[in-house]
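Line by line, the protein sequences give chains V and H. Note that the numbering used here has the first sequence beginning at 1, numbered continuously upward. Note that the numbering used here has the second sequence beginning at 1, numbered continuously upward.
It should be emphasised that the hints constitute simulated quantities derived from the structure, not laboratory data. Model, not experiment: these values are computed from the prediction. Ideal placement from N, C-alpha and C gives every residue a C-beta, glycine not left out.
Here are the computed lysine to aspartate or glutamate pairs in the EDC-like style, where the Cα-Cα straight-line distance is at most 20 Å: (1) K150/H <-> E333/V; (2) K150/H <-> D328/V; (3) K37/V <-> E342/V; (4) K448/V <-> E238/H; (5) K448/V <-> E234/H; (6) K448/V <-> E431/V; (7) K445/V <-> E234/H; (8) K155/H <-> D328/V; (9) K448/V <-> D177/H; (10) K215/V <-> D124/V; (11) K217/V <-> D204/V; (12) K445/V <-> E238/H.
Computed beta-carbon distance windows for the label pairs: (13) P241/V <-> L60/H: 54 to 62 Å; (14) Q158/H <-> V16/V: 37 to 45 Å; (15) L169/H <-> P203/V: 51 to 59 Å; (16) P146/H <-> K215/V: 31 to 39 Å; (17) V48/H <-> L356/V: 31 to 39 Å; (18) V55/H <-> A62/V: 39 to 47 Å; (19) L356/V <-> V55/H: 39 to 47 Å; (20) V48/H <-> G375/V: 41 to 49 Å; (21) V48/H <-> G29/V: 56 to 64 Å; (22) P203/V <-> P146/H: 17 to 25 Å; (23) L23/V <-> P322/H: 53 to 61 Å; (24) R333/H <-> L356/V: 53 to 61 Å.
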Amino acid sequence: MATSTKRQRPGRTIAVFAAVIALMYVLMGVAHTWAPKLGLDLRGGTTITLTARNSTGSGSVASSSLDLARQILQQRVDSLGVGESSVTTQGGNQIIVSVPNVQKDQLVSMVGQTAKLAFRDVYDVQQVTPPSTSPSPSASPSPSSGASASGLPTAPGLPPAAPIARPTAPSSKKQTIDQLLQWTPSTQDQSDFAQWTCGDSFPDVSDQPLFACDKTKTAKYLLGPIIVPGTEVSSASAGIPQGAVAPAVQLSFTSAGQSAFTAATKVLASKSSPQNQFAIVLDGTVISAPQVSYQINGGAQIDGNFTQVEANDLANVLKYGALPLAFDLSSVENVSATLGGEQLRAGIIAGLIGLLLVVGYSFLYYRGLGAVVVGSLAMAAIIAYSSIVLLGQAINFALNLPGIAGVIVAIGITADSFIVYFERIRDEIREGRTLRTSIETGWEKARKTIVVADSVSLLSAGVLFVLAIGSVKGFAFTLGLTTLIDLAIVFFFTKPVMTLLGRTDFWGGGHKWSGLEAEHMGVSAESLLGRRVRRPTTKGA
Amino acid sequence: MADNATRRRPAEGRKQSLAHRLYTGDLSYEFVSRRRLWYLISGTLIVVSLLALAVRGLNLGIEFTGGADFTVTAPVASGSVNDMRVAVLNSGVSQLDGTTVLSVGSNQLRIQTRSLSATEVATVRGAIATQAGVGSDKVAYNLIGPSWGKQITTKAVQALIVFIVLVMLLIWVRFRDWKMSVSAIVALIHDLILTIGIYALVGFSVSPSTLIGVLTILGYSLYDTVVVFDKVSENVSELRRGNRTYSTAANDAVNQVLVRSLNTTIIGVLPVAAILFAGAFYLGSGPLEDLGLALFVGMISGAYSSIFIATPLLAQAKEREPEMHQVRQAIARREAKARRDLAAPVAAPAVAVVVEDADPGNGDDQVTREPTSRRPRQRTTRSQRRG
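This is chain H alone, in the form it adopts within the complex (with noise of 0.2 Å):
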């Protein structure tokens, strides 16, 4: 038996029950239930994201504002970034008081200007090379038009529409269930905003290749959501059999995923957090950091609202609905009379069979393992609150 075996190797065995118990009901957190708190924390975390965003604003990257960046490698000591700005400075090319020079690990210099035109671009880069003392074909450069930003800006926004609604069209395709669609989305808009808020909050750099990362995780997040509402469609299924109503059903699909999606998360994340080592301490920059980091915050996200926000919503629409309401009627109806059996002398066996069975001697769980007795409670308390 199981529980033997958890008593004999006691460290393994913890982990091993908690992925079991939590498929079996044994162990069940309260996902849908107490949608309120989840609400409420990404209701507050929404807030301060838009509050930075508003406050605060983007750092855009010059693919938006326009302008050239150059990076030479060379030896960085204490002088040098001021040297290379006047250098930069006094190159013969106007209007340069704007640029900024950043030294990049020990032995790389970004110099940023404005946007130049392609003989001044050749000018500065005349200048840094002679400063750095290499030639000028090693020293590399973004330059960006002024109107290249809003560019990519409108094909981001165009991206995003579009991917939005052809989402909405598969996973309604899928399970045939527009409730599921919108519940998705709006996880997805959480993620959106979240991201957009850490992204305002801590400062880090925009630029197309963070577009790109945070157009990916809403594919990312909606894969956590598909494999969530996947289970939860398929306990629905039984919904009329047994004597469950939607938001339990719902509750005990997240549980029944949750290491699933827990498994998931990590190993998604995982290479992104190496990608991410690799862009911002082996290069210090570039498209691999700004990818890296957009995954990074947008998986996390994801993986957690598929669970706190997609779920509890759509169980909060479905419980709307006249069908649901007569569900949870029969429900109600059917632990009425098995209360009034219980009440009554010839039920006893029955109750004494089903506690058997469920092994009353590990008590070690938070929830009590009495299938019979743990439900009903939970469903009093939910239609109290409803009624």
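Looking at chain V on its own, in the form it has when it is part of the complex (with noise of 0.2 Å):
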């Protein structure tokens, strides 16, 4: 042991130390950050969890088209105006999406919605008002005042029957795309048309026909049973054909998505408006719906009046939808404003308690120590805080309660390396040696017991962190961060700081309130500071 070096080290492991501290603090100066991002559920709002599961209803989903449904999802959310909210993918297979201080219930079941595209034919339209007051949100499909029939083909002399059950899930019996494309509404589905009304629900079965609205609500569709799945379409882009001024979308279909889109606009180009229009729907809504007149035998191209970026969307949403991705909604955690804070008060008293415990023992049993422990504690929680800061900046780290368990925890693991420590020194001591030398020998002893425990904690945080699922994730990162932030603590503050107070007559001189007193490793003052030659161990072995 060089201890003549050493004896220079620790004023400046210690300043170098504040040093990075400091710049920790600049760093959130600049940023002007000075709290840290709290999590949804310390400060309220909502946190749904959707879960995809790809068509055939198992195995694993590809990472691109789950980043794709999230910026879809994104764009829902987004529609909805609700300010900072997030929408991110977790774990291969899941989307999380986190809306701070909305308590929208529309948020929920937009989210929850499956980007499902499908080809359909056209075969009526109506041109309607937009209803003045927004649909309510109930499911049941109520008669409706608001609903403009008119010039509809209904039964004459019968009232409106009440609308029947709808199928929703499509039978087993599969039809041939001639059969599909025979279809014809039934009376009742006619009279049904009538009386529905664009916002109110109807069930997307891919046998049965459906009821949509086009964006802007101002047309309503009465489509057949769907012709091509979304899933057909290969790609879609975005572009200005030759010799067309206006931008249009080219789509290419898979060879059996070729052959139906084939037949379908063979049929379609026979009839008259609207039912020569086949009807792009994605989600229950009619995105687009171009007239045909001809038989296509290449991919499609849909020319309307877009502009470039219309057109661009369009295509993107003929992408995205056209992913074979579906959704379960696997979890919703709607916190309160009023129930966020107070979690967060419940997580500082848990933390406050516990610091107080912690120090107040580190005082009972170490005595003197115990101001290291509350020095190095304290160095602890400014980094802890300062790091939870800059993360919530650099990578939208939130703190939330589980994190806050994590933090509180930890001041126990950071603990436990100082007591690690303070008996290594102890037992070097009781093995003989001056209390000098024990703060040296001691930690090179203490020092590969808290490297291998802290790596083990560490280790646990690691598999948590990666395994884990939600909130939960919040605590293993917190523990994980505290964990290195207590390594660093030990190496570059408490164990200088030992070696200083090694020098001071209070704790150098073995004062009995020291902690480190003669009297308490059982050996003689002598012993303890060196002024003798050193006696045999008691242990006479």
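Please assemble the complex out of the two chains, which come individually in their own frames, going by the hints.
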């Protein structure tokens, strides 16, 4: 042990360490953030977890598909105008939607929808005036007075029949494309359609007719069964075709999709308006309903009076909608602002009580050394706070309730490191070494234990973080973070401080309240301070 | 001298000398050699735990079974619970017969129903808000889909397996001894079963936070075990030179780190107790309470198992190795020689010196303070049992 060189270091180590901490706070100042980002369980809001399944219902999901789905969901949430929302992917098959301070029930139903694209043939189109008030979120398709049913071939003389229950799942019997194209609505379908208004829900079933509106809710459509499902679209792109002025969207199909599409356009081209249209339906909304004037053998081209932006959007929608992704609503966590505030308070109370208990116990058992524990814990708290604030800025880390619990549990883990070190120092003194030597040799041995023990903590935090679901990830994150901070503190703060304290009269002189007094270790003051030749150890071995 | 100090301040002195005497071996508890007793105790506890799990099962929260859970802050009067239940049942949503309403403290109601669709949630939430006389944005809720619990369970089991494998590797890398890895893992599984057993027995609700708590315990339980094993491996490295068997060295290690283990456990449990306190008494439910409880139970079990299970298991496994057999034989030979020497008059002064050094005047110890006579006696009994 080169004690002479060590002797110069502790002050410098602490100075460098303090400089690093100061730098962190300078960074916080630069970023103008002094408070950590809080999770939604601490400030109120809604968190929705969706789990994707591929079309077969099990197995994995392509990450590109998941990310595209995330983009669609982000658009949907943004369309609600809810401000700072976040839509993120997690664990390869999940999407987490977090919207703070919003209590709209609509949010959940919108997000929970499946992005489902399909091509259906149009049977009837009616212009409607958009309702002045927003439709009620009620699920029951109640006969609405707002329906503008006129000029419709309803059964004459009969009062409008009450809507019958619609099938919600396709029948197992597969129909050929020709059979599908032969489809005409029943009387019941037509009377239901007359009463139906935009905003009423309608089951979107592949072999059943569909009532749907366009985006602006100015037209409602009576559509036949699905002719080409969205999964048969292989690609879509927007661009201005040669010789044209307005942008259009180019579609290409898989071979099965292509043959169905070709057959459909052949039939549609022979019909008259509006039945010569096919509708592109996404999530129950008619995105576009182009007319077909001739049989199309290649990919489809959708023109309309698109702007470049609109054409891009449509191409995206077609691509996204073509993705074989369906989502299950896995969990919705809604926390009111009041409950959030209470949880935050509870977390802070728990932290303070925990800190007080640990500090109290340290002073009780380690007396003067308790000051080292308090100092080190204070440093750990300062670093942990600024790390959490900075990580909130850098990687959008939001502190939630399990996260606070992780920090509190880490108080114990951090204090444990000091105990391991203190007990080692005492062991060394019992072996007959002097106090100052023991601070160094005890460190050499304690260091290994601390590193292994912290590695285990870090390992468990890492495994938990990777495999945890939802909010408990926060616990693993802060636990791992604070364990790392603990390592830094013990190496760059506690150890140098102990070396410095070893030179003071109070600690280095083994004062009876210092926690390093000779009596406690069962050695003589001479042995402790090294004023005499080392006695043989009491073990007598 | 220490003993003088002990006499001067008896109240302080007893506590001080406990740690000291444990370290030097003046006072030594038989952790390793009485392992049959610990195994019996732990075995009984494990059987009780498994029985409780089989008979009573775990009280799984809605996160596992699927369902909706509403929380509203409103004054709770005597009829509130029933009124709220009636209000929910009359909300117009079907199949709500299984709904339970609980009061949490004096100002919170919790309503648990089956898993609801997005529109049903809106309806029920509205009914609860009306009944409680608050705006519906004041009603917090959790909605869990039916397949969610399976996902969480799968993840937890994955985490458990990955963690155990990694930890075995880590301990092996650190100590280069797979028997240490196995002993540590056995102790860990012991803690796991006991914690689950207590949950089954008491009927605490199990949530994802509980799972995380349980998985964290694994880390903590190992932390304790690592501290003990660290000292064991240090003691054992001098085995060839000294006259200790692996068991004795391990037992000494446990005694030497006993105070440290107790301290780290107490320090670790204190903040957890604070979490439990704030979770149970301030919030009444939720992740703080679930996490705190799992950690509280598991940490205490972890401290117990690192001392009473992991180390005796390790010693038992190590004593089977031929190398340790040789060590035992060498010690037996040396003892036999020492006994012969003891019988001869020449050796007498040497013994007297040792006795003097050990300060026989302070005779309050249970275990005799003469190291030369204490150790051989233990070893003899142990080797007799083995032979």
